[in-house]
Structure formats: C-alpha cells, structure tokens
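Participant: In case you want the letters, here they are:
Number of protein chains: 4
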Amino acid sequence: MVVHKLAPQPGEYSYVFGGREPMIGIKPGDIVEVSTEDCFGGRVTSPDQLPSEAVPFNEMNPVSGPIQVEGAEPGDMLAVHFVSIVPARKYAVSCVLPQFGALTGTRETAMLNESLEERVWFYDIDLETWTASFKARNSDFRLQLPLDPMHGTVGVAPAGGEVRLVMTPSTHGGNMDTPEARAGTTLYLPVNVAGAMLSLGDGHARQGEGEVCGTGLESAMNSVIAVDLIKEGAAAWPRLENDDYIMSTGSTRPLEDAYRISQKDLVAWTSDLTGMDMLDSYQLVSQMGLSPAANVCDPNYTMVAKLPKWTLQGAQAYGGAHSRLRKAAEDYSSR
Amino acid sequence: MVVHKLAPQPGEYSYVFGGREPMIGIKPGDIVEVSTEDCFGGRVTSPDQLPSEAVPFNEMNPVSGPIQVEGAEPGDMLAVHFVSIVPARKYAVSCVLPQFGALTGTRETAMLNESLEERVWFYDIDLETWTASFKARNSDFRLQLPLDPMHGTVGVAPAGGEVRLVMTPSTHGGNMDTPEARAGTTLYLPVNVAGAMLSLGDGHARQGEGEVCGTGLESAMNSVIAVDLIKEGAAAWPRLENDDYIMSTGSTRPLEDAYRISQKDLVAWTSDLTGMDMLDSYQLVSQMGLSPAANVCDPNYTMVAKLPKWTLQGAQAYGGAHSRLRKAAEDYSSR
Amino acid sequence: MVVHKLAPQPGEYSYVFGGREPMIGIKPGDIVEVSTEDCFGGRVTSPDQLPSEAVPFNEMNPVSGPIQVEGAEPGDMLAVHFVSIVPARKYAVSCVLPQFGALTGTRETAMLNESLEERVWFYDIDLETWTASFKARNSDFRLQLPLDPMHGTVGVAPAGGEVRLVMTPSTHGGNMDTPEARAGTTLYLPVNVAGAMLSLGDGHARQGEGEVCGTGLESAMNSVIAVDLIKEGAAAWPRLENDDYIMSTGSTRPLEDAYRISQKDLVAWTSDLTGMDMLDSYQLVSQMGLSPAANVCDPNYTMVAKLPKWTLQGAQAYGGAHSRLRKAAEDYSSR
Amino acid sequence: MVVHKLAPQPGEYSYVFGGREPMIGIKPGDIVEVSTEDCFGGRVTSPDQLPSEAVPFNEMNPVSGPIQVEGAEPGDMLAVHFVSIVPARKYAVSCVLPQFGALTGTRETAMLNESLEERVWFYDIDLETWTASFKARNSDFRLQLPLDPMHGTVGVAPAGGEVRLVMTPSTHGGNMDTPEARAGTTLYLPVNVAGAMLSLGDGHARQGEGEVCGTGLESAMNSVIAVDLIKEGAAAWPRLENDDYIMSTGSTRPLEDAYRISQKDLVAWTSDLTGMDMLDSYQLVSQMGLSPAANVCDPNYTMVAKLPKWTLQGAQAYGGAHSRLRKAAEDYSSR
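Protein chains in written order, with the working numbering: chain V, 1 to 335; chain W, 1001 to 1335; chain C, 2001 to 2335; chain R, 3001 to 3335.
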C-alpha cells in the first residue's frame, strides 16, 4: 500500500477545477492523506468577523490538489473512497453571507431587498464526544450536534478545456455539498482529462440536506482517501456508493432539472445492473428510491437519487469497486 | 371514543377539494374508519389495460369525504393522525401514463416528443409478509418490496371559495404524495372554511421519494384516522409530525420554490418552538435538517423539510397534539 | 347588432372563475358594453393609502361577469374581441405590495427578508392627450406615458368543476396580464362549461411586459367587447390574434415551462394553418417568432409566443374570425 | 481611424472564453473587420448531413478572437458596436439537434424519451433582396424571410481565471443568442481581465426570440465592429444599447431568474441615469419595459429587459458612448 501526503501551504490552494499543474501524482490503488482548509481559507477566526470582508469572494472554498492519477483517461471513472474525514481545528464556523443562501436574494435570484444580517456562528468541535456545540447568537439556546464530517467540494478537471470556479458543481463534480460524501462512501467521478486531476476541500463537520443558509459547519479537515480507477466506466454525472445505497447526482438549475438528471442516471444505472429495460427500471426506482436535496444554494443546485443495494439482487456496481476500496480502507486503518 | 365509518359507494367519491357538502360530521377527538379507492377508481383490474383509456383524466384520484369537523374555523389547524393504513385489495397497480411523470414531457413541461410507452405493473399484496411483488414486464426480474402504506392525497377545502381538482397540492394540502403520510404520523392542515371539510384518498402501498414515474403502488385502502383541532394554530402550509421529526411542506413550482416554502416554514416553526430568532433558527435547520422530495410529478411539486424533535429540547408542537393522538390511536387499537 | 350592458354594482363583482351564476346571457355575435373596477375595487383613492390595508387579499382583482354565451359547449373556442378599452377615472394607481412582484420574496418564492417598502403611485389620466403622468415619489422626475389600455384578467369557467381565484392564470385564461389584450385584438378562450361563463376585469391604462413590480396602471375601465363562438375549435390554452400576429400563451411555473407551452401551441397552430409537419413548423416559429413575457409576478407566470401573420401565406385562423370581429367592431363604432 | 482585420484560418478558432492568447491587439476607438465561421465550423454543407455526426459537440460554435484591448482593466466596461454583419456564404443552415432545443429533453432537462428526428434546413441567402428562403422539408411550403443578421456569441474572458465553453452565456456575455445583437447596436461587456479578450462568432442570418429549436439561420459572417472602453463603468451583467432602447441582460436558469437579473439591472441602470431611487425606477421600468426572451435553449437561458430611451429625458448612458460609436461606424462606412 502506497500512502501519499498532500498538505498544501498557504498560497498553494486552488480555487478552480481544471487548468492547474498537479501537486502530486499517484497510482490507482494508492492512499492519500490530505489536509484541507475550510471554505474561508482559515481567515475567519472569531464570530465577530464578517466573512464577506475577511475573504474575497474568489478566494472562498480553496481546494487541495490537483492529484494526478496515473493512467486515468477520458472515458474512465475515478473512484474516490473517503477513508476518514476528521476536523482539524477545535472549532468550525458557519454564517449567513450577504446575497447567499436559499432564503434570500442572490446573484442569480436577483431581488431588490437588502441583504439579511450577516451573522457568524462558532462551534466548538469535540472529537472525544464527536459533537459540535451550537450556540444561538440572540438567545440562550445551546445544543450539542453530532459530528458527521463530509467534503462539500470534490471534483476533477472539466471537459473541453474548461476551468471552473470551485463554487459551481457540474458534471465534473465540485461543490455538490452533499452530506453523503462522508467516510465510508465512494464517490465516482467521470474523468475528462488525462490524469483526472482530483481536488477536494470544503469540509463540513456536519451539514443538513440542502445547506439552506449556504454554509455548513465549515471546518479544516485531515482526511484520508483511497483512489481507484474504473477503465471505460464513465457515466455522465458523478455517482456515489456506500454499503447500503447506490446514488446518482445531478447539478443544475432549476432544482427539478437537477432532480431529473439524478433520477435518469439512477434509472440507467439500475437498468445496467439488473438487465431490466429502462421503463422497468424507472418503475423500481420510483417505488424504492430516496431523493434528498444536497445543496439548494450554490450556482448549480444538486439533488441526490438513492437506491438500496439489496434491491439489485447481488449485482455489483463497477465490479465491486466499493467493496475493494472498503477493504483497502480497513487495511490502511489497521496498519 | 366515538368511531365513525366513511365508506363511499361508487358515484359518491369526490374529485375536488372545496365546494362539496359533507358526507359525515365529526367532532374533534373522534376516530374515522375510512375506505378509499385507488387513484384509478378501481377501474384498472389487469396489467393489459391502458389506464389512460380506462379512466378519464378528471376521474383520476377519487377522494373520500368531505368530513365536516365541528368547531373548525378559518385560522385553526386540523390535526389528522393516521392510525392505520391497510391495503384493501390483493393487488396494487402502478403505471407510466402518457404525458405524466418527471422524466417525460407533460402538460406543463411541454415537449414535441411522443409519449413514453404506457406500461402497467401489477403488484401482489401480501399482508402476512407485508410485501408487494415487483415483476418487471420485459425481463425476469422479480423482487419483494416491503409495504409502507401512505395516503398521497389528504386535504381540506381551499380558501377564498376555491374548488381545486384533487391532482394539485397547495396550501390546502391535497395531492402532496409524500411517503411521510404513513401510519403513526400526524398531518396538520390549515383550516380555510367552517368545518374544515377533510377528504383523503390516493393510497399507495409504497412509494419512493419524488414519485418519479408519476404513480406509486396505487391501492385501495382501509384506513383509520384520529382527528383533532388546534384552535388558532394555523400555519400557511401543511405540516407533519411523527415520533421523531417535525416536518414542513411546500407545494409549488419550480422545485426550489417548493423547497424554499418548506424550509422557511420549518425555520419559523423552529423559532416558535425554541424562542430563537429567525436567523438562529435558520442556522439550526441548515445543519440538522433533512430535505426529501415528496412528489416531482404533480401539477405542483412538493418538498418536505424535516427537523429531529430531539433538537427542540423538549418543546412540544401544538401543546403535544401528536402525543395525544398517538395515545388515542393506541386506545382505539386496543379496544 | 345586439348590444348588452354589464355594469356591476359594488357587491356584484366576482373574485373567482367558475361556480357563479351568470350576470347576463348573450348570443354569439353580440356586443357587450362592460364596466370593470380596478384591481383594488376602487378602494385606493390616495397615494398615501396602503393597498395591503385598504383591500383584503381575497378581494383583489374583481371581475365583471360571468357572461353566459348561448350555445357555447366544452370543445368550442370563445372569441372575445376587444372593441375598445377606455379608462373610466381621472387617475390610475400602481404600487409595490408586500410579498408581491418579481424582485422580492413572495408567498411562493419564500424569503426571510423584510418586505420592500409599500409605495403607491397615482397617475393622472388624460384621455385628450392619451397619456398618464408618472411622478416619482422620491425625486422630481416626471414623465408623460402614452396610454395603452388592456385587460389583465379575462377568462372563462375552468374545467372539471374547478373554481379558481382570479389571481391565477391557467388554461381558462384569467390573470395573464399581457399587454397584448388591447383594443383591436381577439382573445380565444377554450370553453370548459356550457355557456362558457366569461368574466373580465383588471384593466391597466398601460403595463410593461412582465409586470415586474406586480401592478400596472390599475384603472377602472369602460370597455366594449364583441363575442363570437368557434364550434369545436378548442385549443388547450388561450390564444390571441391581432391584425399582424397570431399568438399563443402558456401560464405556469417555472417561466421556461410557460415558454414551452406557448411555443408548442404556436408550433401546433402554425402546423394546422400551413399544413407543415410539426418539425417544419418548429423551424419556422424558431426563426420568425417573438417571445415577450406577459407576467412574471402572478401565482402562474405567462409567456406569449407570436408569429407574424404574413408568414402564413394567407391561411386564416378560425376561418377569419378575427376579421369578422374587426368588422363587427367597426360597425358598432360607426353606429 | 485604425482598422484591423481578424480572419482566423481553420484551426485558429477558439471554443472557449478565457485562457487564450490574443490573436490581435487593438486600442479603444479602433475598428475591426472580423470574419466568423458558422456554429458548425462550416462543416455542414448539405441538408442531408447530420450535424451531430459532422461536428463534435466540443467543436460547436467556434469564435474569432480573442482581441486584446489596450488599457482594458477589471472594473471597466467594454463597448462593442456592431457596424455591420453580413452573411459570408450563399447559404445558412438550421437544424434540430438531438437533445437540444426548448421542446425536447436535453442534458439538463433529462427525459427518457427518444430524441426528436434530427433534421436540417438549408436557406439560400440573397443579399440583393436581403432575404433567406425557407423550404419545409416535408411539404411544399416555401417562404422568403427577411434577413436580420446578428451574432449569437460575443464575450470576454471570465473573472476568477475561469475558462468557459462558448456554449454557456453568463456574466462574461458569450452565447446569449439575442437578436438584439444586430448592426447598429452597442454591446457593453464587463471587463474581467487585463485586455478584456473579446471574441465573437455564431452569426445568425436571422433568429426568432428564444431560439426555440436551438439554432438560428447559422451563417458565417463578415462583420465590422467598433470597440471602445468605458473606464470604471462596469455593471455586473452585459448590457446593450441601440438608437431607441437601453437593454439589460440576465443569463441563468430557471428563466424567471434570468428575467430577474435583467430587470434588476435595468432598474438599477435607470436609477443611475435618472437619479430616481430604486423603487421609483422599478415603477417606471414596470410600466414602460419590454421583456423579450433571447434564448431558452442554451446551458444558461437569457432574457433581455428593454427601456425606451426617450423615457430617460435626455440622460445618456456611459456619456453618450453609443452615439460616438454610431458616428465612428458612419465614418468607417463612408470612407
């Protein structure tokens, strides 16, 4: 087992997918220990700061990478298994930003109203109890929230020579902001350029489905990923798999179109795995599928479509890639 | 405990909310045993029938009711607790209808394409094993699906003298098609007219989130509901509560607006229950909320916003109405 | 030529389409002189009033009618030609209402922001110069705007026994708020019930495309309409025709779906009139069509799709109904 | 007057905005004679070809450029005046592409239906009569359409180091596909990088509003542009101006959000030009604005918001830049 370390220094983070030289090169099957900054680049250190002043918009959401994967070619699917995702600081930060979030006017949903009050919440992170402390700003309400760490932004270089800001999820993955991207899950990303050029960041110590206010418990992370390559396995959109579910994603606007993309992909994937035709697969997904929102705040919205793996009657996605990566993760953890 | 029976005969079903004389009158606290037809009015009895020919569009989705609730006034909230929902026939029916469902052109999402093939699936319902049998039409794929019965359509008379076709969910509830409307759950509906005028139908032996193909396992039901009234408790949109979650709904288009409605209502409800201001509540909901799709196929789409009740630190929605109804359900069941 | 008069008294206006007894009965070919109230029911008489306080929401947008048309049956198309539309008062009123308009949060596009300032503009109407005077409230800016009177709300009883609030345009017409509904234009409405049950109101002394703030120059009107009936000519959605264009409409959300409906109907209509197949018609409409917004503020948005009539090479919609009504209007005016 | 020539050879066209070295450098005030290819790169030369086979998707829509403008800096507004746009070939091509256009399933609006028939229309272009000949493919219908040449795709390098495929319009302009981009009009583009890096292409001999089928009369063009620079004049989104109207644009999804962006920008622009506050400006735009669709088929939809210049009471946008460019165009044309 080859284990790499990727720990960018300030100034080495990227704010785009595509068009960047690799920071490290790895092979399929390798493990990467990667440290990521929070979405503010670590610059919000007190609840009395205004993130909109502390961080230029184009420097939100730094990602660590790209990681070049040997042998990855357009048409392949990159498998990224989250072995572990552990908050790196004693605090996480959330906030309401001006012109951001689902319940206020934004750049896209242009309104004449004043912005909402910009407000910051600091959470104490306790790795012992695996909790974060929520403290209301305007009352005495306090609550311990269970940690459920995830990466909001994980993607590869886009197709066609595009370079995309990290904020916008699309076919290359990126800022999908789904809580499903937690430890124990495998994310499949369609490869668009030689080497795939994987980057990740935007850790959340936890996040609700939809990320309605626009931010999770933003947290620098110490993460471990296991990377594999599925030759000629490309789908059009990112997929996920954990022990219990296969999952398709769609990222666009309006939200019903993100939903449509995710559902159509899940119908097609289920058809591939079961041998049913598209309409029979459509029927099964209609009755057994789950459909949580991932984000409804980013420049593209993301929906997730989930199907329980037991319904597949033993069919294995990508020849059992998830199980193999699960095993590799155990091997790594038990070294 | 007063127990009523509502078993409409053919010809007595309603296809609208509003503008109808009550079939029965009850008092808050009463129990109603109600039988409902399937969305085809029971007219699809073989997988070789075409539902679009067997059932006129305006006779889809018959509902049983209205039930007049004594003392209900505009500004009140009607609480409808599902005591039990049990499939009434040995089969359930699902189908792909022409110009209906999320992955095809519809009346609203107008396309030049031909309709998808109209296809029907018959499920055998087994109450012993609590399963339904899925049989692919074009291959040998077979699967036993767990039953999870629910009512797709539950609503009251709309405000302003409106009469709405049963197909369109809105502030009066109606065809929200959420799998959350299962036994053990309380649905809260804002009362718009004296007597509330509750109707329900469209049982599904089970349904995935989003109802992507446009139909669940359509099933006639023998259901029992316990009804209560919360004076002056009206919210703008229907809400639900079960033992673990409070839930808000929003029904409109596009899907992000249905999401916005559900989230804003959940933020407001949580603020009411915890005493936090709106932004602090927004923060908590952002981190702890779940956001499943209900339907993305009806004339209005429905999203559900859920918050775990343990986060409310003991606050009780509507003075503990759900618990009281839970208790009434137990009393009924143990008679 | 038979000329009817419809001049409702206070208390006789309707706030719904459907479910109402006719105020008058007419025959195809008849003329109706109809007076309509402004959208506030005439209750806003000074720029210092707040419309949201002066008028209950359910009493916004009174319509005059219904008018029962002898012989009209479901499957027919009602032709309503606007002979003249003349402001009835010396002023028109416009305003920004709380939670209404395209650039602010609304009931459907739910936001946490405070409402915009409620502000009223009074316009002096001068029928001599055919202008309205715009006076900015917060500066000295003044401007004479040309009148271009229209009816925002014209519709028939909906299908399926529905009763709809006047605010929501749909297949039955209603509050489409298109400036195309001006004198000299014929509006075609699909008939859903015997007698059609036509109502109209919501006059605007003028209005921009989209009605972005939510109101036009709201004005009571003295209007004259000529009504005809096209047997078995029903389309699925309202259409319009003037001397230069045929026009289709679509009313739903999101706005691209309203656009899709209007375009698909125009493609089908053009195909009917020219004998081209759907794809050839799609091509012609793509290159020659105009696509203005009607309203982007009501519970359903409305788009209009227009095709110049000269492209039809002499084909006449509905056997020349518009020309005949044009002629009837001239006969009426030259009495 | 300095006149440049930009005539890319095959292989020199660009398929992205951003990240490219300039082909030529010019100064503000200069004229550029530029030749552009059609959206198929000239590869569709017969109505019997299938564009989807003749042209790889990533090679659709080649643009000529970039043109580096001396002194252009982020925060400036680039003014691009279309002096003339003349079809360069004797034919123009239009088509229905698989999974493209507003009335069929697409990559974003994912459907299970088969694609529509791929069909090509060839138009003869006659510069003498200034017409294009429409010939239905499946009937004898023929029609001469007036030419109204325009550029569908005109933009600058995006902000933040992004590189965007030419297909997607956004704040940097690009594939907005508005028929308003015709000769005599000035397009204002916010500058994001030093030198602005202007590119253009995708000429249409004419196009309806909305480009519903997904293509106009695709035509190589010989065009002349006059370029100027407005220091520190940047708006957030592209604007246009002709002799009669100022126009704002918005490009995103859903279509109501594109509408909102365009309207909010027009309200703000009108406020700037008249000194009215935002609400008074909102009112004037609501009553006097026009709101045509530009495209409802590209990865982002585009709406245009127009206000007649006479309403501005003499206020000049950008210090009369359009008039100056109009004058420069005349000087060029009368050389």
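These aren't lab readings, by the way, just hints derived from the structure by calculation.
The structure presented is a predicted model; accordingly, all values stated were derived computationally and were not measured.
We put the CB at the ideal spot given by N, CA and C, even for glycine.
One thing to keep in mind: the hints can contain errors.
Claimed, not checked - Among the chain V residues that face chain C by a calculated CB cut under 10 Å, a handful are:
1. 2
2. 110
3. 114
4. 256
Claimed, not checked - So the derived label-pair ranges between C-beta atoms look like this:
5. R:3045 - V:236: 29 to 37 Å
6. V:98 - C:2118: 19 to 27 Å
7. R:3272 - V:88: 43 to 51 Å
8. R:3142 - V:57: 47 to 55 Å
9. R:3272 - C:2089: 49 to 57 Å
10. C:2319 - W:1232: 31 to 39 Å
11. C:2124 - R:3313: 12 to 20 Å
Stated by the list, open to error - List of simulated lysine-lysine pairs, PhoX-like, C-alpha gap at most 25 Å:
12. W:1135 - W:1231
13. R:3135 - R:3231
14. V:309 - V:327
15. W:1327 - V:135
16. R:3231 - C:2309
17. W:1309 - W:1327
18. C:2327 - C:2231
19. C:2309 - C:2027
20. V:309 - V:27
21. R:3309 - C:2135
22. C:2327 - C:2309
23. W:1327 - V:309
Participant: All hints are to be evaluated individually against the structure, with a verdict given for each.
Facilitator: A quick look at each hint next to the structure:
Hint status for residue 2 of chain V: violated, given a least beta-carbon distance of 49 Å to chain C, over 10 Å. With 10 Å as the threshold, the beta carbon of residue 110 of chain V comes within range of chain C, its nearest partner Cβ sitting at about 7 Å, so the hint holds. Interface hint at residue 114 of chain V: satisfied, since its Cβ lies 7 Å from the closest Cβ of chain C, which is below the 10 Å cut-off. Given the 10 Å rule on beta carbons, the hint for residue 256 of chain V holds: about 8 Å separates it from the nearest Cβ of chain C.
About 30 Å separates the C-beta atoms of residue 3045 of chain R and residue 236 of chain V, a value consistent with the hinted range of 29 to 37 Å. Taking the beta carbon of each, residue 98 of chain V and residue 2118 of chain C are about 24 Å apart, inside 19 to 27 Å as hinted. Between residue 3272 of chain R and residue 88 of chain V the beta carbon distance is about 46 Å. The supplied range of 43 to 51 Å therefore holds. Taken as a hint, the range 47 to 55 Å holds for the pair residue 3142 of chain R and residue 57 of chain V, whose Cβ atoms sit roughly 54 Å apart.
At roughly 34 Å, the beta carbons of residue 3272 of chain R and residue 2089 of chain C sit outside the given window of 49 to 57 Å. For residue 2319 of chain C and residue 1232 of chain W, the hinted distance range of 31 to 39 Å is not satisfied, since their beta carbons lie about 58 Å from each other. For the pair residue 2124 of chain C and residue 3313 of chain R, the beta carbons lie near 18 Å from each other, so the given range of 12 to 20 Å is met. Annotation: proposed proximity of residue 1135 of chain W to residue 1231 of chain W is violated, straight-line Cα distance about 48 Å (limit 25 Å).
This hinted pair does not check out: residue 3135 of chain R and residue 3231 of chain R have alpha carbons roughly 48 Å apart, beyond 25 Å. Using a Cα cut-off of 25 Å, the hinted pair residue 309 of chain V and residue 327 of chain V holds, with the two alpha carbons roughly 18 Å apart. This hinted pair does not check out: residue 1327 of chain W and residue 135 of chain V have alpha carbons roughly 34 Å apart, beyond 25 Å. Taking the CA atoms of residue 3231 of chain R and residue 2309 of chain C, the gap is about 46 Å. The hint is violated against a cut of 25 Å.
Between residue 1309 of chain W and residue 1327 of chain W the CA atoms are separated by roughly 18 Å; this keeps the pair inside 25 Å, and the hint holds. Using a Cα cut-off of 25 Å, the hinted pair residue 2327 of chain C and residue 2231 of chain C holds, with the two alpha carbons roughly 20 Å apart. In summary, the hint linking residue 2309 of chain C to residue 2027 of chain C is not supported, as the alpha carbons are separated by about 29 Å, beyond the 25 Å threshold. For the hint pairing residue 309 of chain V with residue 27 of chain V, the CA-to-CA distance comes to about 29 Å; that exceeds 25 Å, so the pair is violated.
Between residue 3309 of chain R and residue 2135 of chain C the alpha-carbon distance is near 18 Å, which keeps this suggested pair within the 25 Å criterion. The hinted pair formed by residue 2327 of chain C and residue 2309 of chain C meets the criterion: a straight-line CA distance of about 18 Å does not exceed 25 Å. Distance check on the hinted pair: residue 1327 of chain W and residue 309 of chain V sit about 36 Å apart at the alpha-carbon level, beyond 25 Å; violated.
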